[in-house]
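S.K.: Chains as they are written, first to last, in this note's numbering: chain D, 1 to 664; chain U, 1001 to 1150; chain W, 2001 to 2187.
Think of the hints as simulated: they come from the structure by calculation, not from any bench. Every residue, glycine too, gets a C-beta built ideally from N, C-alpha and C. You may find that some hints are simply not true.
[Stated by the list, open to error] Now the in silico label distances, taken between C-beta atoms and shown as ranges:
id, chain 1, residue 1, chain 2, residue 2, range
1, U, ARG1068, W, GLY2071, 20 to 26 angstroms
2, U, VAL1104, W, GLY2071, 52 to 58 angstroms
3, U, ASP1077, D, HIS540, 25 to 31 angstroms
4, D, GLN496, W, ALA2031, 19 to 25 angstroms
5, D, LEU643, W, TRP2015, 31 to 37 angstroms
6, U, GLY1117, D, GLY433, 19 to 25 angstroms
7, D, ALA382, W, ARG2013, 15 to 21 angstroms
8, D, ILE116, W, ARG2013, 31 to 37 angstroms
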Amino acid sequence: MDFPLIRLGGLAIATALALSLAAAGLALASRQGRDAARLVAARNAVLAVAALLSFGMAILIHAFVISDFSVAYVAQNSNLSLPVLYKITATWGAHEGSLLLWAWYLGVLSAAAVLIHWRDHPLSMPWIIATLALVQAGFLALIVFLSNPFATLAPLPPDGRDLNPLLQDPGLAFHPPVLYLGYVGFAVPFAFAVAAMMRAHVGTEWVSAVRRWVLFAWTALTSGIIFGGYWAYYELGWGGYWAWDPVENASLMPWLAGTALMHSMMAQDRRHMFRLWNAFLVVATFLLTLLGTFLVRSGVLTSVHAFATDPARGGYILAFMVVAMGAGFGLLIWRAESLESDAGVESPLSREAGLLANNVLLMIAALIVVIGTLFPLAVELATGDKISVGAPYFNHVMVPLMLGVMVLMALGPSVPWRAMPGDRFTRIMRLPGAAALVALAAGLAMGARDATTLAAMTIIAFAATATLADIGRAIAARARVGGTGWGRAALAATLQGRRRMGGLIVHFGMVLIGAGMIGSGLFQQAQTVHLRPGEAAAIHGYEVRLDGVEDTTGPNWQGKLARFSILRDGAVVDTMLPEQRFYELRGMATTETAIRSELAGDLYIFFGDEDAGAVVAQIYWNPLIGLVWLGWMVVLAGSFLSLTEAGALRRRVPRAQPSEVAAE
Amino acid sequence: MIRALILGLALALALPLAAPAQTATVAEAPDEPRIRALAQTLRCPVCQSESILESRSSTAYEMMVILREMVAEGRGDAEIVEFFRSRYGNYVMLAPPRNGPGGVIWLLAPTLLAGGGGFFLWRLRQRGAVVEVPAQAPTLDAEQLRGTGL
Amino acid sequence: MMQDHVTRSRRIRPWKLALVGAMGLTMAMLALGLTRDASVVPSALVGRAMPAFDLPLLEGEGWLASAQVEGRPVVLNFWASWCGTCREEHPELVRLGLRAQAKGEFAIAGINYRDDPERALHFLRREGQFPYASAMDPRGRMGIDYGVYGMPETFFIDASGVVRGRHPGPLTPAVLARMLPLIGVEP
């Protein structure tokens, strides 16, 4: 009964592969769209691919839900005793299924892009369809020939080998799906860039069209990364959320490039600048998403998150990447002369100069992550010695760099396009400057002497105040012009200046995230103590008392649970129950941390081995970490506000004289 | 997770009644911050990108035991790191030593910053060619208007 | 004029060369990377004196100490009952042990790494006894001294007590043919 269904799944993805190739062929054969029938056929093929992949995805999820162990992929990654939620999320818990999720996203986003821009971009459409369909075919060929999730097993196993215990967490339901949406989202801007370069028509239209796709992909990627950090924070349990693991770095690379892109696109949109640079960034961001895929799935680098690796897959993805790179950068080199922009930066005190500095810093950061991640491989190939480039290196180098980006983030929106009188700039910066000095004094009073700590506190205060002041000025200008009250003005400023207000809100969210990272990173308190029942450790004004250790079991694991009472001034205020679990089927142990969140920070407990009647308890006080998650929500709110901006493009020509409200 | 929360809540309500009056507070050993700082720079050799502080593997656990012993014996940081490096190689150090084969990585950020700074100044000085953005900037329909003559 | 224009457009911009060069180099590096096993880490011990050890025997009373093998080439095999690939190399080790017993030109010893003695003995009963002694390293201390990453690993030490080679993973005749000459033993 289930067997034919699975066969249909395999058939669906094979047909999708053939249709993707057909779509690309038809689009290319449409004589730049003059042969309308072929172009329509190509479009319909793209839509059919999306439908087929949705069907395939549904069949695979169904196979997991009904525990159809005749499917090899299901047998390897599921189990009868697995809770239903994890059965569903196990669909993308390993290599094959996660690739199918990727292809499905690409199918749906391609269909959406083709439908949305069908009228707007008729001349680019053949190239957009061809690019997206070829990328899709590249992924589908990998799935069909080298990683087929629908492959079946000959003797039906009685039970599955279970999902990797580290993935048996609600986090798996959000992190990969959102992260992949971000990765895949950058394929659409890539297709537009290819089209613009093929047509040697490199004005501003493609950038305007692509802006929201970039913002969408960036928002998803940001959410995926932060969600991954949150997952690591409570599941992997060492009090941190970012380990600078190669796979984590793989997601940071396109994020940094995509952040640079989102900003430099503004300059092209508004000032016709950075055209060559934007084309480069679009191609580079897309290639970095492929590099990430390669690093995660090829086994070239060792990583905690790496999928089961296979050199054939690695070789295929590498070849795919080389083809994409040849096409993308080849086009860029070929069309460079027609892309070079004529406009220069007029003044160092202008939005253009700020965006340029922003791009320089973000690209340096991206290069450091790329080179730092690949560096051990280079050293190994050159000297045969194996080295590590890990958290201590990246923290040392990246923290100052990102603080620099934050300074620019504070300055940039306050400065208008083209130029600004120096005295006005000084006036605007007076309030944030004062806040920065107060923060510096507070840091010194708190006893901080480390240069990075003090710089971080100063810059966070500066950026927060500058961003809020920008928001305030926008509202004040509305209130003045409209003669209305503040509430109305705030609403008007928000709804009518969605792009600018959205951007400022995202900036404020990033300041919050930065504050949370700095707070938890530099002011973390920790206690490693051997506790016997009845004994307590003191941390941040709390007493953490071990009451006892007991056995506990779950559907597919056994474990130990430590009961901690949290006391403040002698009274119990909470109970925390960290666990250690052992998953028999995979022979793996996991640590479940207990977290008590409050506004000022998190109390974070896990325990290690028992040692002569005592447990080794790791107790952390992570101050301000909640700001990271809060900041993420603010970023989301700002992104959505910006995304909802009315589609029609209002084109205002920037005035030569600086206006009172910094024109976006 | 939810079950644990409910259980925790129930216990939080029930426990104050049962709580013993006296609690012995155990202080962390004074060396622990130093041990943590050191452990963060050492890679767990059998895991992947984890330090021995973060790893739950038994090898990392035993390395932590050795680290504590060496600290208790009064060994210096350099000596302790060298102990592990002489056994597991440079791989065990999460940040490559400046004098080792990967030391050049420390020059990466200064080099890129100098290059990026130079590029920024060079672009700023290319100020001559200021071009007015045409007042009638092309709209989206331009694609269609430009027709099929491409 | 025309000439001028042509020469100018033919000149290749330096950034294009840099881009092509950097990308080519990166891709070549990744391709080379695919040909190696990322999980293999070279041993820091090769070329250095073997770390001393003194551990209780797995079977029977007594100790196995590094001093006992001084002056002879040594093959030191780390194994465990929980390691699957140890089963693969088992016959090879038995063969090597019998040969060492017969000819006596080198010493061979096993180190039972992070194991439960009961399970280790059960493993030997099932797979066949080694014709040489194994010592116990229950907490893996000796493993740390030797920089052991995974099971199994085999060290080759020459007559002067210097580690000449380490092989991670199961032993095969090909591996032995490469490693044994390093410590002056005919393969």
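S.K.: None of the hints should be skipped; say for each whether it holds.
M.R.: Hint check results:
1. Between ARG1068/U and GLY2071/W the C-beta distance comes to about 37 angstroms, which lies outside the given range of 20 to 26 angstroms.
2. Between VAL1104/U and GLY2071/W the beta carbon distance is about 43 angstroms. The supplied range of 52 to 58 angstroms is therefore violated.
3. One distance hint, 25 to 31 angstroms for the beta-carbon pair ASP1077/U and HIS540/D, holds here, with the actual separation near 27 angstroms.
4. Separated by about 53 angstroms at the C-beta atoms, GLN496/D and ALA2031/W break the suggested range of 19 to 25 angstroms.
5. Distance hint check for LEU643/D and TRP2015/W: the Cβ-Cβ separation is about 34 angstroms, which falls inside the suggested range of 31 to 37 angstroms.
6. Take GLY1117/U and GLY433/D: their Cβ atoms lie about 23 angstroms apart, and the range 19 to 25 angstroms holds.
7. Checked against the hint of 15 to 21 angstroms, the pair ALA382/D and ARG2013/W fails, with Cβ atoms roughly 29 angstroms apart.
8. Take ILE116/D and ARG2013/W: their Cβ atoms lie about 36 angstroms apart, and the range 31 to 37 angstroms holds.
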